[in-house]
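Asks: These protein sequence lines map, in sequence, to chains F and L. First residue of the first sequence? That's 1 in the working numbering, and the numbers climb one at a time after it. First residue of the second sequence? That's 1001 in the working numbering, and the numbers climb one at a time after it.
Everything labelled a hint here was simulated from the structure, so no lab data went into it. Incorrect hints may have been included.
Some chain L residues well away from chain F (every beta-carbon gap over 10 angstroms; in silico) [unchecked claim]: (1) Lys1004; (2) Ile1015; (3) Ile1026; (4) Pro1037; (5) Phe1063; (6) Glu1068; (7) Asn1090; (8) Phe1096; (9) Asp1101; (10) Glu1113; (11) Glu1124; (12) Asn1128.
When the alpha-carbon atoms are kept at most 20 angstroms apart in a straight line, the in silico EDC-like pairs for lysine to aspartate or glutamate are as follows [stated by the list, open to error]: (13) Lys1088/L <-> Glu1113/L; (14) Lys1088/L <-> Glu1068/L; (15) Lys46/F <-> Glu77/F; (16) Lys4/F <-> Glu82/F; (17) Lys88/F <-> Glu100/F; (18) Lys16/F <-> Glu1077/L; (19) Lys46/F <-> Glu100/F; (20) Lys1046/L <-> Glu77/F; (21) Lys1016/L <-> Glu77/F; (22) Lys114/F <-> Glu77/F; (23) Lys46/F <-> Glu125/F; (24) Lys1046/L <-> Glu82/F; (25) Lys1107/L <-> Glu1082/L; (26) Lys66/F <-> Asp1101/L; (27) Lys46/F <-> Glu1113/L.
On a predicted model such as this, the values are computed, not experimentally measured, just so you know. Even for Gly, the Cβ is constructed at its ideal location relative to N, Cα and C.
Number of protein chains: 2
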Amino acid sequence: MSSKRKGISAERELIKLFWSNRWACIRVAGSGSSQYPSPDLLAGNKIRKLGIECKVTSSKSKFFDKDEITQLTNFCEYFGAEAWIAVKFNRRGWYFFSIEDLNQTPKGYSVTEKNLEIKGLSFEELIN
Amino acid sequence: MSSKRKGISAERELIKLFWSNRWACIRVAGSGSSQYPSPDLLAGNKIRKLGIECKVTSSKSKFFDKDEITQLTNFCEYFGAEAWIAVKFNRRGWYFFSIEDLNQTPKGYSVTEKNLEIKGLSFEELIN
Chain F
1 MSSKRKGISA ERELIKLFWS NRWACIRVAG SGSSQYPSPD LLAGNKIRKL GIECKVTSSK
61 SKFFDKDEIT QLTNFCEYFG AEAWIAVKFN RRGWYFFSIE DLNQTPKGYS VTEKNLEIKG
121 LSFEELIN
Chain L
1001 MSSKRKGISA ERELIKLFWS NRWACIRVAG SGSSQYPSPD LLAGNKIRKL GIECKVTSSK
1061 SKFFDKDEIT QLTNFCEYFG AEAWIAVKFN RRGWYFFSIE DLNQTPKGYS VTEKNLEIKG
1121 LSFEELIN
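Just chain F, same shape as in the assembly:
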């Protein structure tokens, strides 16, 4: 599967996970190519709204551009939503990170497989 198809399939998986837990979740059209900032997914229930950037990786760490994160936090600031990064490492399922819990690097941010469980939340922890 191409990495774009892998990404969309992973996003669909998350959308299904939210709906099956009685949260609404949609995929944003043209995310990353629009002239306005936007997340990959928007999830919400009566109380909380989450703007989510999704990543799937087969390596042991995942990097994020500063710009990518700025776009996410800008969108969430305007929309009134919490900003979250969802990362799926091979065979490890989904982990969710707030921006403060990403590692800072000279060019941006990163998450490593090693500190998934220390800094990341499981889906159940995220929604509860």
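Given chain F, work out where chain L should sit, using these hints.
Replies: Chain L only, in chain F's frame:
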């Protein structure tokens, strides 16, 4: 312009209108074809969230399927958003209707050019 292109161009126009008034607004991917209910657009600021179904028409009235409206209200119920219909009649600009302000018909709902100003809100009225 095809009616699909007209629809997308109208949605872009609304997205721009929201952002230029300091609201965030995104287009939902696969709206109408997804297995989950979804609006065409989602707009929000720190206080309010709006799920919006957009229509453009060159005739004097516009009809809505019961199912289309049910999908919109279902989504908004789960997501925690207000449900709005945005209609653009030729040369009249945008008008916004809550579900209660649509005319009920045997098969669904309608809006006519005649009662735009009585029942519809302008963009400024919608966001203020």
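Asks: Go through the numbered hints given earlier and state which of them the structure violates, listing their numbers in rising order.
Replies: 2, 3, 4, 16, 19, 22, 25, 26 and 27
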